[in-house]
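Trainee: One-letter residues, chain by chain:
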Amino acid sequence: MEMAIDRIGDVAAVAVPVDELDAGNASELKRDIAPVLQANTKVVLDLSRVRFMDSSGLGAMLSCLRQLTAKKGDLKLCGMSKQVRGAFELVRLHRIFDIYPGKAEAVLAFQSKPTGVL
Amino acid sequence: MIAANTIDARPVPACSVASLQEAIERHVRYSLGKLWRDLSPRELFVAVALACRDRMVERMLETEERYRRGDLKRLYYLSIEFLPGQYLGNNLLNLGIREQCGEALRNLGADLDEIESSEPDLALGNGGLGRLAACLLDSLATLGLPGYGYGINYEYGLFKQEIDRGYQREKPENWLGQGTPWQIARPDKACVVPIRGRIEHSVDRRGGYNPMWMDWKVLMGIPYDVPIVGFGGQTVNFLRLYSARSSHGFDMRIFNAGDYFKAVEQKIASETVSKVLYPPDAPGAGYELRLAQEYFLAACALRDIVRRFEQGHKDCRDLGAHVAIQLNDTHPALAVAELMRILIDEKNLEWDEAWAVTQATVAYTNHTLAPEALEKWPVALLEAVVPRHLQIILEINRRLLDRVSGVWPGHTGLLRRMSIIEESEPKQVRMAHLAMAGSHAINGVSRIHTEAIKTSLAPDYFELWPDRFHNVTNGISPRRWLLRANPALAALITAAIGDAWITDLPRLKALERYAEDSAFRTEFRAVKRANKEKLARIIQELHIRVDPDSLFDVHVKRIHAYKRQLLNVFHIVDEYLALIEDGRQPAAPRVYIFAGKAAPGYWFAQQVIKLIHNVGRVINTDPRAHSWIKVVFLPDYRVSLAEQIVPAADLSEQISTAGTEASGTGNMKMALNGAVTIGTLDGATIEIREAVGAENMFVFGLTAAQVRAAREPCTYRPWEHYERDPRVKRVVDVLSSNLFCSEEPALFEWVRKCVLNGNDEHFHLADFRSYADAQGKVGQSFGEADRWTRMSILNVARTGPFSSDRTVLEYARDIWGVQAPSQSIACK
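Sequence lines, in order, name chains A and B.
Position 3 (the first sequence) corresponds to 3 in our numbering; numbering is contiguous.
Position 512 (the second sequence) corresponds to 1512 in our numbering; numbering is contiguous.
No incorrect hints appear here.
Calculated lysine-lysine pairs in the DSSO-like style (CA-CA distance at most 27 Å, straight line):
1. K103/A - K1347/B
2. K1217/B - K1275/B
3. K82/A - K1189/B
4. K1347/B - K82/A
Hint data in this document are derived by calculation from the structure and do not stem from the laboratory.
Please construct the entire structure, taking both the sequences and the accompanying hints into account.
Mentor: So this is what it looks like as structure tokens:
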């Protein structure tokens, strides 16, 4: 999975490059994003392109968050479609992620808040 | 009595003969891609249905706009079953364009009656529960009320019944196999339904407990809308049926996955959820899938209801003011937990707020009296299928029991009785308790049934919340069951008293005086006879010739022990033996007509079908009985067949064991069509007796109170009836002999065991003599044609209270709080 990484200060903003994040590609995402999570503590995942996410996709998001919080970092999400937002709400994941409308807001949030909440 | 709204019967636009003809031809060419000469009968039906649907859709869009402008409270009727039967004739009648359509088809060289009768029944239900739902939808639309049905789009509806040497054989009824012209797919309104998985306990960003539902599978619920047109064509609501599909992503993976076949198997598994309608009396069959179906319905419906609410409103705390949800029995009871989940997990309401909204929104109709028939699901199964919902149910229960402890401290027995969780092995969730706890209104479906709920089924809940309990006696649609099913009688009535009865059934009362009008009685008899001739032609397809002047004694309904088809057989055999052994002729020649399906796997009911056939074969071929008794079993009972049988019935058999039938609606359909009832004091038959007068029906048997007393241990002694009454003894002995099963000796030995067992819960022998005596009076009365016709007319005239319009208006007033848009809004 080829992911474009945008570095803004000490924040790494990664665009998830698939329309559907589910059991078919969630492992691939976890594998390919691992170097980014290892190299950074402040990460934004831009989900603008994602139209559908199942529990495997949500599980991948949770895994990313936990890897970062384990090393006092944080993950912020942005660009969620209504449907993806619905999937987060369905299983109460929206209560443990910081979610922003756009990338700029997510990046800005890192500059105004300390990391490591979970 | 609540007055029905006056219906403004303006015709729908573009309903001239020419426009209908043009529409049919257009659909033949452009929707079906056919030349007229190449059309099959089914394709012709589809073209006519599409022309009709166009006009309904126009009104449906208008109706929705009218509701939106008025910001009207909506009613959502959740039911695991809907049993509409055929739609075309009904829709054309309700739109007021049937005559024009008939003429358009004549111009094209086709016959509307033939086309209507070729339509396959929409059989998404087993019996009364689903048919009630269909009648209520008809009334909602006729009364202009914003009410919608929500159900499952079963690929295989109720099985097709075939008879093979007297045995029922079940054949799949793939009614969707060729598609249906009535449904409009709404893929844009598909909803994602998570299922299975586990709860991961975590804390949220504020440090609060946050149970997360992880590792679920996903089902997609695709809605298909069936427009429901009310009489007069002014209002068209819809019935939204959900099909289960795998997600698009899943479909795509099949093509990319290494294990193609495994992927396809998983896709099929997820689509199985809406594959087949389950029968009600088959314990164990498809257990887990049935729970998945119930959850699928609740989840799809609630997701859609909340989505529709949010189109016009912001705050979910207001849901109860704008939305009413009616649970048709406990099958959709997970809606209580699903609504709580949505409000708490997705809309961030606090528990107490969410609970208040849920209770303000949901109401529950109970349809059963037998405690063993109440739905329960193992806790472990719920945890596997809907883990988050189980968490919510457990919390609802904890708070409920806290409340009960507060009101009645120290009553551990009471806590055990009222708990949503039954402390059995395995532990089970009592769905009726969940439904009652989560509802602001709980209703029974006849007066005696509601009293039984209060006194024996849920007395503790009644004591806790007496104001929540209501009675709403069931009803039937006069459009479907008189105007459509019996056009000749409908025309005769209209000629006598006008047509206001169609939307205001109590107006039939004006017919009472015609019972004394000999000319009217003659015409009334002629209509009945013509209906009987028609049914006789259907019966002749079974190679049984019946005389339309005989008494048509009709027992049509699901085959079940409590409905006591066996008691009817006892009487037939008693009459037959009296004729051939005692030389005692019946008071009137009689045709005993049965129809009904037995649940697959329900051994007793299947045996009763076999018994009826074997008894019929012996009697129908015995020349001594030739002109006196005929026994007929019409296969594949369904709505469209009922529409043929009911208008031809002279006698309506409503002979369930007292205290077992919640309401019944067949009793109402028959009375409305002039059949005189022979029945026990059970369900709505009690109210029918009050309405039509005890002198106009034949009541027999134990009362519900007597049945309860007889159920006390060691109280009922059937042997005494057997030894004391030679008629009882003879019937039991002969039925258990090989007279009716010479080719399969000892086949019916079960009859003796069944009725001579002190545990016979249906008291066949206790009621037999009383039943036979009542049948004797029936025969004598039928022999006096004028007297019988008077009774028959008075049954029609006094059946006004049993319109589903009255039922819906009572629900609307007492439970739903929904209203029709004001006329000024409607006419804008």
